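These protein sequences, in sequence, are chains A and B. To convert, note that position 219 of the first sequence is 219 in my numbering; the numbers rise steadily by one, no gaps. Counting the second sequence from 1 gives a position; my numbering is that position plus 443.
I should point out that these hints are in silico values taken from the structure, not numbers from a laboratory. Remember, it's a predicted structure, so these values are computed and weren't measured experimentally. Watch out, some of these pointers could steer you wrong.
Just the calculated beta-carbon pair ranges, DEER-fashion [said to hold, decoys possible]:
1. B:672 to A:12: 32 to 42 angstroms
2. B:584 to A:12: 24 to 34 angstroms
3. B:661 to A:147: 39 to 49 angstroms
Under 10 angstroms between C-beta atoms, here's a sample of chain A residues computed to sit facing chain B [stated by the list, open to error]:
4. 24
5. 268
6. 275
7. 276
8. 373
9. 378
10. 383
11. 409
Glycine is no exception: its CB is placed at the ideal position from the N, C-alpha and C atoms.
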Amino acid sequence: MQNREEISRLENLVQSILDEAKLQGATAAEAGLSVDSGLSVTARLGDVETIEHHRDQGLGVTVYFGQRKGSASTTDLSNASIKETVTAACSFARYGSEDPYAGLPEQDWLATEFPDLDLFHPWSLAADRAIELAIACEDAARSYSTEITNSEGATVTSHQGIRVLGNSLGFLKGSESSRHSISCAVLGQRGDSMQRDYWYSVARNPDLLEAVDSIGRKAAERTVRRLQGRGLSTRQCPVLYSAEVASSLFGSLIGAISGGNLYRKSSFLLNALDTRIFPEFIHIHEQPYLVGALGSAAFDAEGVKTRARDIVAEGILKDYVLSTYSAKKLGLASTGNAGGVHNLIVDSGNDDFAGMLKKLGTGLLVTELMGQGVKMVTGDYSRGAAGFWVENGEIQYPVEEITIAGNLKDMFKNLVAVGNDVDYRGNVRTGSVLIERMSIAGE
Amino acid sequence: MEILNIAKQAILAPAGLQEQDIERVMSSLLSVPVDAADIYFQSSHYESWVMESGIIKEGSHNIEQGAGVRAVVGEKTGFAYSDKIELPVLLEAAGNVKAIVRQGQNARTAISKQAAWPRYYHSVNPLKSLADQQKVELLHKVDRETRKLDSRIEEVVISLVGLHENVLVANQDGTLAADIRPLVRMNVSVIVEDNGRREQGSMGGGGRCDYGMFVDQDKALEYGREAVRQALVNLDAVDAPAGSMTVVLGSGWPGILLHEAIGHGLEGDFNRKGTSAFSGRVGERVASDLCTVVDDGTLEGRRGSLSIDDEGTPTEKTVLIENGILKGYMQDRLNARLMGVSPTGNGRRESYAHLPMPRMTNTYMLPGPHDPEEIIRSVKKGLYAKNFGGGQVDITSGKFVFSASEAYLIEDGQLTRPVKGATLIGNGPDVLTRVSMVGTDLELDSGVGTCGKDGQSVPVGVGQPTLKVDALTVGGTSI
């Protein structure tokens, strides 16, 4: 930790905010404070386009007057503004209804141990160096092929910040984290067909970012391979989701087993606990303690201890994704998921991407999804897609302007395989996913 | 001008800043040769109330304020912002920003022009337009009346949000402009259950006005009725068809078609860079001659309306497509200057912490000659899509999607069965060439739209009359 003093100062500030809430009559309170800074540089067509200096701060306060809740937030951390913010939260609490489920987490749900998860790696990145990196990244993309004719540019960003969370049960913890990224988006043209695609790398440690020329090359390669996409006739066929779009399927799973959707009965997986929702070979687990990972955290947005745990084992739904409120509403304990899941891992099978294409045989490889098109209450699924038509395990030609549709309940059950071509960049880590059959709408 | 004084009072006075301080920061920015520079001050108060399971579950209040400082030279932009509105911080930001330019010069600026422009909404503070107790009572009333509508209602969630925003923009030419922007929105969402089948319905509205709009003529209760109606219709819905077919789009919110299919593709930045499927196509036919599409920031009290954009340019009614011919793009100052055209008042930003770019305001199609019922009668077999969720577009390939949330089969000119929602996909540059009938019934949406671009969200409006598109791909499951 580099900024122990600054963290202490902000921890003291949060404590004083909790004290102020008590002074104003709150029976319980929670406060979260964040201070972030960063740099974002974009180069386009070989020259710098934008240099952005970021500096953000914010405070959020939630107070309880018995079972009544009120919240307020501000970006102004002056003493006067903090006091006003607490007052605003208290005033809202007075108009709130008595809610038997409102309140802080139970004392014994709170995290008490704070292992170093190696989440803070500041990058002393001068604007000039960031410009060089962005230009080099974009150059690699533009020189990949003469069919790369235009560019949206390459962007290098570096962010770091301190977050402090405290509540009136005595929880008070400040921590530092960083996040850096490099991305590139270019355009290609062949005949009348113009396409754009991109690639990016993101990491807490700048040394672990993918090399700029590799990012540029992948952006270009992905763009060129899409040129002169064709339509498809309407049909049913097997669908392979490439790893980078497959994560969205498990994002929908998390939505459906999230406390908020469960207690509002707006989930297609109501009462599915301990029932089979995937084939037996599927194992999905949450791993909040992975060293250096983007989703790692020892506690959630309410201070509740996170746990490494199974969510789906042998295809059976083992656990929900709950915050304190939704847990109490369902008569359960929080699972430490206020604010979301922390590194969701979908275990891979033995096939690499080529192996997955073979398993697909003849069908659709999807590499891009468009629109929302997922109805959480019924599981009905219909999204725009682009990708490739595959025959006998070999990619034939790019396809576009089609939709893929089904129902998530069936899609989960008819999942055929998960590849070992894992995309490690996001909070959901999965390889490509093969689904036995979906409806394709096209020409 | 009164607005200017109110905004100065709200933003500068608490920070102890004077007009001369803005001039100092601007002078620092102009000490290097820039093509444009601006300082954007913003102070906003936002509140949100959520009612769920018959109780006020949550009320929250958010205060956001800060300033963004920008310098532009050629195509290059330097930008810094801070949530501290203090002179030393602003001067430091100006120092960082002008590093985009390498040589120095001497220039000073004085705020000399205080432009006048028409206003399209009142300087009300919506948060104060009802007492908190009245807001709570309104929510309870909507909840109570909505639950009474049908025994199959399982859950009702109601949200009420209000925003009061003061904006002050200083430009390199010495102009100081201000705006006071109210914005309210209410939403009712219901879950119904019948024989184990559950469905959802949702309806809302809003605009640049105060909470009175929900109280007048019981507008809020109408949202509840409409949400329940949609949810009940969907209980009976069968699988949607899959494939290319004739699609009739309802009036109002289905105008999201225009927003996705052509609106984004006509934003100036993409066209200056040549990355849009519409780049270089001004003067060409991109729609049937029944189609005239405008972007109009000047509609009274609409969610997407602005008196001035976030660069201080008064908004306009900009003709995008006239009788099928592409007329022009939506511009902010940077892209207008680089393309040698005038800004159209479309320079918008989510907040002081974001760079402005060309964005839509209220985008809609003008009415045509056809009776809406005649349009449906003319279809032998197809889909009537009445309500939509969100959409998305790839501006380079031109492919766009938007998702129907309430739709019906048309068989022999009659609406027959409701079908499940489905995503519709098409190609922006040619979808409007297939519009063969345009209704007389232009309607704007109820005021709930939010548009995302490059991670920035801004409120927008859409609208259209009933339209017939001869072929559009419907992404159902029934083959």
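For each hint, the structure was consulted:
| no. | hint | result |
| --- | --- | --- |
| 1 | B:672 to A:12: 32 to 42 angstroms | 54 angstroms, violated |
| 2 | B:584 to A:12: 24 to 34 angstroms | 45 angstroms, violated |
| 3 | B:661 to A:147: 39 to 49 angstroms | 59 angstroms, violated |
| 4 | 24 | 14 angstroms, violated |
| 5 | 268 | 8 angstroms, holds |
| 6 | 275 | 15 angstroms, violated |
| 7 | 276 | 19 angstroms, violated |
| 8 | 373 | 4 angstroms, holds |
| 9 | 378 | 7 angstroms, holds |
| 10 | 383 | 6 angstroms, holds |
| 11 | 409 | 13 angstroms, violated |
Checked against the numbered hints given earlier, this structure breaks hints 1, 2, 3, 4, 6, 7 and 11; the rest are met.
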